[in-house]
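Peer 1: Chain by chain, the residues:
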Amino acid sequence: MNIDLQTKNIVKTKLEQRGNEYKIKAPVTGSVVLNNAVVASFGDGSLRFFGLNQEPFEVKAHKGVILTMSSNGQFVYTGGDDGKFLKISCDGQINEIYNFGSQWVDCVASTENYFACSSGKKAYLWVKDDSKPLIMDNSSTVGGLSFDLDGNKLAVSSYGGVTVWQRGDRRWKSSRFVWKGSHGKVTFSPDGKYLVSAMQENEVHGWRIRDKIDLAMAGYPAKIKSFTWAGNTPFLVTSGASEAICWPFDGKEGPLGRKPTCVANGGKQNATFVENLPQENAVFAGFQDGSVVLSEIDETKKSYLVRNATGSEVTAISISNDKSHILIGDAMGNILWSPLWAGDN
Amino acid sequence: MQTVEQVPVTVLTGFLGAGKTTLLNRILTENHGRKYAVIVNEFGEQGIDNDLVVDADEEVFEMNNGCICCTVRGDLIRILGGLMKRADQLDAIIVETTGLADPAPVAQTFFVDQDVADKTKLDAIVTVADAVHLNSQLGKHHEAEEQIAFADVVLLNKVDLVDEKGLENVKARIKKINPYAKIIKTTRCAAPLDEILGLNAFSLKRVLEVEPDFLESDHDHDHDDDVTSISFVSETPLNMNKFQTWFGNLLQTHGQDILRSKGILNFAEKDERYVFQGVHMLMDASPMGPWPKNAERNSRVVFIGRNLENMGLQEGFEGCKS
Numbered sequence: 019m020n021i022d023l024q025t026k027n028i029v030k031t032k033l034e035q036r037g038n039e040y041k042i043k044a045p046v047t048g049s050v051v052l053n054n055a056v057v058a059s060f061g062d063g064s065l066r067f068f069g070l071n072q073e074p075f076e077v078k079a080h081k082g083v084i085l086t087m088s089s090n091g092q093f094v095y096t097g098g099d100d101g102k103f104l105k106i107s108c109d110g111q112i113n114e115i116y117n118f119g120s121q122w123v124d125c126v127a128s129t130e131n132y133f134a135c136s137s138g139k140k141a142y143l144w145v146k147d148d149s150k151p152l153i154m155d156n157s158s159t160v161g162g163l164s165f166d167l168d169g170n171k172l173a174v175s176s177y178g179g180v181t182v183w184q185r186g187d188r189r190w191k192s193s194r195f196v197w198k199g200s201h202g203k204v205t206f207s208p209d210g211k212y213l214v215s216a217m218q219e220n221e222v223h224g225w226r227i228r229d230k231i232d233l234a235m236a237g238y239p240a241k242i243k244s245f246t247w248a249g250n251t252p253f254l255v256t257s258g259a260s261e262a263i264c265w266p267f268d269g270k271e272g273p274l275g276r277k278p279t280c281v282a283n284g285g286k287q288n289a290t291f292v293e294n295l296p297q298e299n300a301v302f303a304g305f306q307d308g309s310v311v312l313s314e315i316d317e318t319k320k321s322y323l324v325r326n327a328t329g330s331e332v333t334a335i336s337i338s339n340d341k342s343h344i345l346i347g348d349a350m351g352n353i354l355w356s357p358l359w360a361g362d363n
Numbered sequence: 022m023q024t025v026e027q028v029p030v031t032v033l034t035g036f037l038g039a040g041k042t043t044l045l046n047r048i049l050t051e052n053h054g055r056k057y058a059v060i061v062n063e064f065g066e067q068g069i070d071n072d073l074v075v076d077a078d079e080e081v082f083e084m085n086n087g088c089i090c091c092t093v094r095g096d097l098i099r100i101l102g103g104l105m106k107r108a109d110q111l112d113a114i115i116v117e118t119t120g121l122a123d124p125a126p127v128a129q130t131f132f133v134d135q136d137v138a139d140k141t142k143l144d145a146i147v148t149v150a151d152a153v154h155l156n157s158q159l160g161k162h163h164e165a166e167e168q169i170a171f172a173d174v175v176l177l178n179k180v181d182l183v184d185e186k187g188l189e190n191v192k193a194r195i196k197k198i199n200p201y202a203k204i205i206k207t208t209r210c211a212a213p214l215d216e217i218l219g220l221n222a223f224s225l226k227r228v229l230e231v232e233p234d235f236l237e238s239d240h241d242h243d244h245d246d247d248v249t250s251i252s253f254v255s256e257t258p259l260n261m262n263k264f265q266t267w268f269g270n271l272l273q274t275h276g277q278d279i280l281r282s283k284g285i286l287n288f289a290e291k292d293e294r295y296v297f298q299g300v301h302m303l304m305d306a307s308p309m310g311p312w313p314k315n316a317e318r319n320s321r322v323v324f325i326g327r328n329l330e331n332m333g334l335q336e337g338f339e340g341c342k343s
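These protein sequences, in sequence, are chains A and B.
Residue numbers for the first sequence, in this note's numbering: 19 to 363.
Residue numbers for the second sequence, in this note's numbering: 22 to 343.
Simulated from the structure, these hints should not be mistaken for lab results.
Computed from a prediction, not measured in an experiment: that's the story for all the values here.
One should not assume that every hint holds.
[Said to hold, decoys possible] Straight-line distance between alpha carbons at most 30 Å, and here's what the computed DSBU-like set of lysine-lysine pairs gives:
| hint | chain 1 | residue 1 | chain 2 | residue 2 |
| --- | --- | --- | --- | --- |
| 1 | A | 270 | A | 32 |
| 2 | A | 198 | B | 140 |
| 3 | A | 241 | B | 142 |
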């Protein structure tokens with residue numbers, strides 16, 4: 019924490035001085051980028067849209083917790099514990115895609131052409147303008163959903179591994195990536211060559227898609243709740259330790275046999291959320307006490323405290339498309355929405 | 022850092038037809054002014070009249086943490102995580118398990134998953150048993166024995182349908198498996214809710230408060246009960262190193278057969294009381310302050326499990342004396 023030794027007051031960070039703070043009476047459950055706005059979701063079922071030149075506005079979307087959210091740049095897709103899968107436009111128009119009744123909608127994913135959600139053991143995939151979803155059965159509850167950058171592959175994680183569905187000429191074909199244990203949040207590397215999942219155990223697991231070679235990234239003190247791809251290398255940056263743990267995915271074998279770069283130290287606590295600074299080799303790491311540290315992915319460089327502790331774990335960080343603004347949210351409903359750079363306000 | 026109060030979670034077990042749904046309905050309809058969430062697996066004939074009922078599949082996951090019997094309830098981790106994101110705080114959460122479920126993975130979830138352990142706490146395992154059928158169920162299904170073995174409270178239901186002798190029989194049977202469980206006799210599960218919820222049975226402090234109802238030196242195994250309990254008392258102080266070595270080894274080699282263990286320990290070299298309690302291989306232990314004045318300093322341990330007679334428990338425990 020940044021403390022002025024003369025006055026013993028907490029010194030506001032530059033971002034806190036420049037930005038606006040909001041206290042919402044519900045936990046922030048996530049945030050996504052939509053056009054030039056950032057949309058945050060909450061535990062009371064509401065969404066709040068933070069735009070560049072306007073006051074934030076609220077949309078009541080779900081009756082309960084918004085459990086999951088995705089953006090394809092045009093629409094936000096949300097899933098809630100009210101069983102609803104919704105599509106919401108940038109002006110806040112709500113379109114109900116599907117109602118699962120008493121079953122929760124646990125995961126959603128979207129791309130330009132397709133969108134998907136999961137409820138229980140089934141994943142549902144919608145092709146644009148097609149009202150009937152393709153249903154993908156799993157032997158256990160779906161833990162994560164993710165499209166690759168091209169939008170032609172959908173990864174569905176569950177207990178025992180990840181199933182990748184690929185669009186063929188006529189139908190979607192599946193391929194299974196096996197690793198013992200329960201798999202949650204899942205992602206493809208930006209070049210589409212690797213598949214990575216966060217596990218119930220304190221580790222992330224990766225596969226090279228071409229030959230399914232396993233990449234076990236273990237040794238974390240806590241469960242990995244968040245990861246992001248950063249820089250040109252690129253690095254897979256993960257939470258779950260007292261620093262942002264950055265695994266290199268360049269070369270032929272990615273992180274195989276290599277050590278991660280560890281930056282943005284948070285002291286005696288673990289990172290709960292990480293987000294890349296777009297087009298830069300840098301990452302924001304949010305911690306259990308609500309503080310956020312920015313660092314280049316270079317262990318020799320100094321890191322910067324951009325957000326003081328709030329007393330509650332960081333659950334959301336998003337940078338607007340034009341890189342002008344940042345949103346930071348925590349589990350007590352504290353939001354900071356601030357210009358990233360001095361003079362941009 | 023802000024400390025958030027952990028929401029207590031009560032686990033409700035019991036064989037089909039014992040009266041779990043009746044109890045759930047009572048909890049949810051009684052005017053208690055509290056907000057509960059109920060996680061259910063089997064929808065009975067009777068609907069449950071509350072909007073906070075969550076559907077779950079009992080998904081038991083093995084954890085790759087080197088512990089061979091470490092299984093957790095994956096669905097519970099997911100659902101508790103979701104419930105903790107609600108804008109309104111819950112007063113308690115009740116998890117119903119299916120009639121044939123082993124309670125161990127549910128209990129272990131609270132030891133193994135850090136998020137679950139940070140935000141919620143296991144309050145108690147409450148087993149609803151049918152006074153008429155429990156005896157025959159115990160012989161036939163090992164799940165019934167496990168549900169009794171894990172219980173902090175046994176709600177012995179339908180007592181109006183058995184005579185006094187039958188009731189004494191079934192009570193003795195329960196006590197033999199689990200001397201720690203509190204038995205509440207009811208008809209239609211009409212027990213006061215404060216004897217079922219908010220018990221804090223898994224806190225180490227509670228181990229100090231509950232005196233087990235020991236059956237006097239009755240350690241013969243003349244019947245077909247698979248799960249039994251053994252307890253030891255020692256007036257001689259124990260040696261901490263010896264105890265840790267023996268106990269660690271015991272849980273490693275026999276953790277699968279030891280369903281629950283509890284104890285209060287008097288170490289020769291320590292002024293404080295040490296308390297532990299475990300579920301299979303997983304254990305929680307801590308010093309719990311000085312011995313009360315005028316109280317006898319002695320060590321007491323209880324094991325509930327299978328094949329306890331083959332573990333050399335008596336010799337092992339004796340060997341820890343300093």
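Peer 1: Next step is simple, just say for each hint if it's right about the structure.
Peer 2: Against the structure, the hints:
Note on residue 270(A) and residue 32(A): the hinted pairing is violated, with a Cα-Cα distance of about 41 Å set against a maximum of 30 Å. For the hint pairing residue 198(A) with residue 140(B), the CA-to-CA distance comes to about 27 Å; that is within 30 Å, so the pair holds. With a CA separation close to 18 Å, the supplied pair residue 241(A) and residue 142(B) stays within the 30 Å bound.
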